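Since the structure of chain E is provided, determine the placement of chain X on it from the hints.
Chain by chain, the residues run as shown.
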Amino acid sequence: MIMKDLNKFEKFFTEYTELRMQENRNIRLTMVNGDMMGNNRSSNSGISARVYKGGSWGFASNADISDEAIIKVIKSATENANFLSSRENLNKADLPKTNAINSKDFSTTKPRKSQKEMIDFLGAIDAYITKEFPKLSSRTIVIANLDMEKKLFTSDGAESYSMIPRTILYVVMTITKNEQPFELYEVYGGLGQFEDTFNQPETLFPKLNEQFNHLKNKSEGVYPQAGMHDCILDADLAGILAHEAIGHTTEGDIVKGGSVAGDYFGDKVASELVTLVDFAHTSLGEQCPVPVYVDDEGTKAEDAVIIKDGILKKFMHNKETALHFGHEVTGNARASGFSDEPLVRMRNTAILPGKSKLEDMITSIEDGYYLMKSSSGQADSTSEFMFGVVMGYEIKNGKLGKAIKDTTISGIAFDMLKTVTMISDDMVWSCSGMCGKKQMIPVGMGGPAIKCQVNIGGK
Amino acid sequence: MNNKEILIYARDTLLKAGAQKTKCILTKREKNELNVVSGEISLFRTTFDTNLSLTAIIDDKRGSVSINKLDKENIEATAKQIVEMAISSKPDKANDIAENQPAKEFYGEPVKPDLDKMYTRLVEFVKYAEENHPKTIIRMINFDFTSTHSMFINSNGVDYSITKGIYNFVVVFTSKEGKKTSSFNYVAHVSKDLNTPFSECGNIDKLITESVQQLNAESFQGKFVGDVIVTPECMDNFIGSLTRYLYDYPLITKTSVYKDKLEKQIASNNFNLHSKPVSNDIAEGYFVTGDGYEAQDSTVIENGILKTFLLGLYGANKTGEARAVNQGGSWEIDNGEKSFDEIVKSTKKGIILNRFSGGNPSDNGDFSGVAKNSYYVENGKIQFPITETMISGNLVEMMMNIKEISKERVNSGYHNYPWIKFTGITISGK
Numbered sequence: 001m002i003m004k005d006l007n008k009f010e011k012f013f014t015e016y017t018e019l020r021m022q023e024n025r026n027i028r029l030t031m032v033n034g035d036m037m038g039n040n041r042s043s044n045s046g047i048s049a050r051v052y053k054g055g056s057w058g059f060a061s062n063a064d065i066s067d068e069a070i071i072k073v074i075k076s077a078t079e080n081a082n083f084l085s086s087r088e089n090l091n092k093a094d095l096p097k098t099n100a101i102n103s104k105d106f107s108t109t110k111p112r113k114s115q116k117e118m119i120d121f122l123g124a125i126d127a128y129i130t131k132e133f134p135k136l137s138s139r140t141i142v143i144a145n146l147d148m149e150k151k152l153f154t155s156d157g158a159e160s161y162s163m164i165p166r167t168i169l170y171v172v173m174t175i176t177k178n179e180q181p182f183e184l185y186e187v188y189g190g191l192g193q194f195e196d197t198f199n200q201p202e203t204l205f206p207k208l209n210e211q212f213n214h215l216k217n218k219s220e221g222v223y224p225q226a227g228m229h230d231c232i233l234d235a236d237l238a239g240i241l242a243h244e245a246i247g248h249t250t251e252g253d254i255v256k257g258g259s260v261a262g263d264y265f266g267d268k269v270a271s272e273l274v275t276l277v278d279f280a281h282t283s284l285g286e287q288c289p290v291p292v293y294v295d296d297e298g299t300k301a302e303d304a305v306i307i308k309d310g311i312l313k314k315f316m317h318n319k320e321t322a323l324h325f326g327h328e329v330t331g332n333a334r335a336s337g338f339s340d341e342p343l344v345r346m347r348n349t350a351i352l353p354g355k356s357k358l359e360d361m362i363t364s365i366e367d368g369y370y371l372m373k374s375s376s377g378q379a380d381s382t383s384e385f386m387f388g389v390v391m392g393y394e395i396k397n398g399k400l401g402k403a404i405k406d407t408t409i410s411g412i413a414f415d416m417l418k419t420v421t422m423i424s425d426d427m428v429w430s431c432s433g434m435c436g437k438k439q440m441i442p443v444g445m446g447g448p449a450i451k452c453q454v455n456i457g458g459k
Numbered sequence: 460m461n462n463k464e465i466l467i468y469a470r471d472t473l474l475k476a477g478a479q480k481t482k483c484i485l486t487k488r489e490k491n492e493l494n495v496v497s498g499e500i501s502l503f504r505t506t507f508d509t510n511l512s513l514t515a516i517i518d519d520k521r522g523s524v525s526i527n528k529l530d531k532e533n534i535e536a537t538a539k540q541i542v543e544m545a546i547s548s549k550p551d552k553a554n555d556i557a558e559n560q561p562a563k564e565f566y567g568e569p570v571k572p573d574l575d576k577m578y579t580r581l582v583e584f585v586k587y588a589e590e591n592h593p594k595t596i597i598r599m600i601n602f603d604f605t606s607t608h609s610m611f612i613n614s615n616g617v618d619y620s621i622t623k624g625i626y627n628f629v630v631v632f633t634s635k636e637g638k639k640t641s642s643f644n645y646v647a648h649v650s651k652d653l654n655t656p657f658s659e660c661g662n663i664d665k666l667i668t669e670s671v672q673q674l675n676a677e678s679f680q681g682k683f684v685g686d687v688i689v690t691p692e693c694m695d696n697f698i699g700s701l702t703r704y705l706y707d708y709p710l711i712t713k714t715s716v717y718k719d720k721l722e723k724q725i726a727s728n729n730f731n732l733h734s735k736p737v738s739n740d741i742a743e744g745y746f747v748t749g750d751g752y753e754a755q756d757s758t759v760i761e762n763g764i765l766k767t768f769l770l771g772l773y774g775a776n777k778t779g780e781a782r783a784v785n786q787g788g789s790w791e792i793d794n795g796e797k798s799f800d801e802i803v804k805s806t807k808k809g810i811i812l813n814r815f816s817g818g819n820p821s822d823n824g825d826f827s828g829v830a831k832n833s834y835y836v837e838n839g840k841i842q843f844p845i846t847e848t849m850i851s852g853n854l855v856e857m858m859m860n861i862k863e864i865s866k867e868r869v870n871s872g873y874h875n876y877p878w879i880k881f882t883g884i885t886i887s888g889k
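Protein chains in written order, with this note's numbering: chain E, 1 to 459; chain X, 460 to 889.
Keep in mind that the hints were calculated from the coordinates and are not lab data.
Just to be clear, a hint being listed does not mean it is correct.
Straight line, CA to CA, 25 Å or less: simulated DSS-like cross-link-like pairs of lysine-lysine [said to hold, decoys possible]:
| hint | chain 1 | residue 1 | chain 2 | residue 2 |
| --- | --- | --- | --- | --- |
| 1 | X | LYS651 | E | LYS4 |
| 2 | X | LYS552 | E | LYS437 |
| 3 | E | LYS72 | X | LYS528 |
| 4 | E | LYS418 | X | LYS718 |
| 5 | X | LYS487 | E | LYS72 |
| 6 | E | LYS437 | X | LYS639 |
| 7 | E | LYS131 | X | LYS713 |
| 8 | X | LYS487 | E | LYS150 |
| 9 | X | LYS586 | E | LYS72 |
| 10 | X | LYS531 | E | LYS4 |
| 11 | X | LYS487 | E | LYS75 |
| 12 | X | LYS889 | E | LYS313 |
| 13 | X | LYS487 | E | LYS438 |
| 14 | X | LYS563 | X | LYS651 |
| 15 | X | LYS571 | E | LYS72 |
| 16 | X | LYS576 | E | LYS75 |
| 17 | X | LYS638 | E | LYS418 |
| 18 | E | LYS116 | X | LYS552 |
| 19 | X | LYS531 | E | LYS268 |
| 20 | X | LYS490 | E | LYS72 |
| 21 | X | LYS586 | E | LYS92 |
| 22 | X | LYS490 | E | LYS113 |
| 23 | X | LYS639 | E | LYS314 |
| 24 | E | LYS116 | X | LYS475 |
| 25 | E | LYS308 | X | LYS638 |
| 26 | E | LYS268 | X | LYS638 |
| 27 | X | LYS480 | E | LYS116 |
| 28 | X | LYS549 | E | LYS113 |
| 29 | X | LYS713 | E | LYS177 |
| 30 | E | LYS177 | X | LYS720 |
| 31 | X | LYS539 | E | LYS110 |
Please read these numbers as outputs of a predicted model, since none were measured by experiment.
Chain E on its own, in the form it takes in the complex (with noise of 0.2 Å):
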């Protein structure tokens, strides 16, 4: 737990800084095929400062928090702005000020389960599995945990402490057909310490049983058919859109190294079906799962609307970005570990929910694909995207037909977004997003299922 009071070290401050304590936590336990591959923990932690010259950062860390190290940071950051400063000469304006005062913490309050208790947890899911699945030629069962505990002072004032954790479950099934092996998995958890996430095992066993059926109709599947189909992306699929497609064209440092979104703010980019939010910590009245109160710039985190009614409304800043276009700060300031520097990033991104019934979207379609689980995703400055699908169902006369091989949907976010004809009216959020721009760090994704026109790869 990080009790140090940062406040004493304002006196070392002689340019804007940001001091920053912070400790990460992970548990990751593998059981694979009922063997421990993993029983592993690990604890990183320790103090950085960030300070800001006339358009110049310096950055430096120090995993030794004593009150001799983190001076000799604060001074090491500053030298390293001067030197910076001195060659670059950028003289730029100073930074928005923000202040914010927060404190939030996730902490579980129930007593604290023991290495054998989850290991337990994991022997009794995979007993599950293997005695009601014995078709399946593999299992792995993954328990992977963050805790993500910072405490943050600014010379504008801002303190700030957060405790966010997350815990997630992995459960990955294999089975053979034909000498070949067809794979999918399925992610369970999310905000929370393993006590306020999992309770009992058998509360998961009807979404194993569901995504064993899944995996058996894929293993029955059939390649779908290359080219631009009316699809239907469920929530997983809309939230990576969400994120990789959209949100990161949206962030402030990509528009301003060329993003294809500087061209297009104000502009309809999208159906007036869509609303695109990146919420700081809470969607529709519940708790998104990245919950962020401040940002590591010691910003109030804001939602930022990115698209409203398909017109493109914001980018998401930090301090230099929001300096540079003139914009507000929005608090999307994020550093994955103490060693890293704050860097414009995304908190839970999402389509809003629409009108439509999911059934009514599956009726609409006479030819053509419900995509439904994503493996990966990536995007450009084009707004060019590609996502792998390694679940999905072709649909024939407006039902769902032969579940489909892993393939691959591809399209320009900006272009596809004014196919959408319809939206659902649930919304469903990820649990298990990482980020991995510069750093990884954990996001959330969510939204409804959207139908629109989507270019897949097949045979």
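Okay, now just chain X, sitting in the frame of chain E:
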């Protein structure tokens, strides 16, 4: 306590707490980094990282913890925690540590950065880009020197010390003209010195020049089965996917497409793949594997024949196959006989694949993804840069369908790759 004393104290504390076998690794890393954002040198970063990784095995049960606080109190508490974790686990006879080997110290120059030269080289590159490629935005450069000092001991007497340093340079760029934006591209280069300007390293200048051409990328209708010439910068996508099948997890779970292919043909005859972690040919290597064995260079695929899996100690014990002499990476592919130009000339219909945006192939090798920063080739000539183009195929079949390998190679410091032409790939436009 000095580093060695910390490590010995950790090992002895673990043994005293009840561990029967232990593995202890202490790593200290100093990084000096300069960042460019949107063409401006904007950040100078100095970080000191420490990691103490401790593993205990008790009655074939294993537990591991890594920490970065090295005081005696924390080491003692951690040792107690690891022993409890191991006792809570399940026995697995495959859990083991490396056997005793002669103690050794490894030293990879340079170990200290030349900060003035780092700054000069970066300023020089930013200026080069501004002057030679005014339509290109240097979106980001991460340029650092990382020096690492690691020590590895275990309860069988393994005792290694490694000191090394390396310069890492990654540049991401996009071109812009009016409302036209090109796909971003990136190049990574690592080196042990700063003797060469970055604009002259590998294909950096060529790729930035092409980025400007790609402002006018065109899409095409329909699909065809044709040739794909994979560039050295894009090759690691496919080598990474290929070698992924050779590690512990897919072989233990028997999901690897190559599980029964040792000493069998898995690629065309002209394909040779080496892993060279200790060779001077590849700047970014390693001296000791994660299990605690001195690494050796190896040939993984020779004339298309799979010569070794990439199993670690646990995977080898679990599968009954031989442990690999390294953990892969630092890849080098033997060059061929034809020049890149000759390969293009002999191509009837296909694309040059500069970057691939796609996920890992399925367990059976099927893959599909988007061809980025790529070019359409017809009748032996590069025609135009392409956009909205997907490729799909099967990696296992693709490796058996290598048509030509270039005599030129690009050594990025991570890998040394030629251009390779694969046939029979489905290429589809809009």
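Original post:
Holds or violated: are the alpha carbons of E:LYS177 and X:LYS720 at most 25 Å from each other?
Top reply: holds (19 Å)
Original post:
Are X:LYS586 and E:LYS72 close enough, with their CA atoms no more than 25 Å apart?
Top reply: Violated, at roughly 34 Å.
Original post:
Under the criterion that the straight-line Cα-Cα distance not exceed 25 Å, is the pair X:LYS490, E:LYS113 satisfied?
Top reply: With a Cα-Cα distance of about 37 Å, the restraint between X:LYS490 and E:LYS113 is violated, given a limit of 25 Å.
Subject >> Pairwise hint evaluation, E:LYS72 against X:LYS571, where the allowed Cα distance is 25 Å at most >> reply: holds (20 Å)
Original post:
Between X:LYS889 and E:LYS313, does the CA-CA distance stay at or below 25 Å?
Top reply: Cα-Cα ~29 Å, so violated.
**OP:** Mind checking the alpha carbons of X:LYS713 and E:LYS177 for me, to see if they're no more than 25 Å apart?
**Re:** holds (13 Å)
Original post:
Is the Cα-Cα distance between E:LYS308 and X:LYS638 25 Å or less?
Top reply: It holds: about 22 Å lies between the C-alpha atoms, which stays within 25 Å.
Original post:
Taken at face value, is the distance from the CA of E:LYS72 to the CA of X:LYS490 at most 25 Å?
Top reply: It holds: about 16 Å lies between the C-alpha atoms, which stays within 25 Å.
Original post:
Does X:LYS552 pair with E:LYS437 here, judged by a C-alpha cut-off of 25 Å?
Top reply: violated (40 Å)
Original post:
If you draw a straight line from the CA of X:LYS487 to the CA of E:LYS150, is it 25 Å or shorter?
Top reply: holds (23 Å)
Original post:
CA of X:LYS487 to CA of E:LYS75, is that 25 Å or under?
Top reply: Given pair X:LYS487, E:LYS75 holds - Cα atoms ~21 Å apart, limit 25 Å.
Original post:
Given the proposed pairing of X:LYS586 with E:LYS92, does the C-alpha separation stay at or below 25 Å?
Top reply: Within the cut-off at roughly 20 Å; holds.
Violated hints, in rising order: 1, 2, 4, 9, 12, 19, 22; the structure is consistent with all others.
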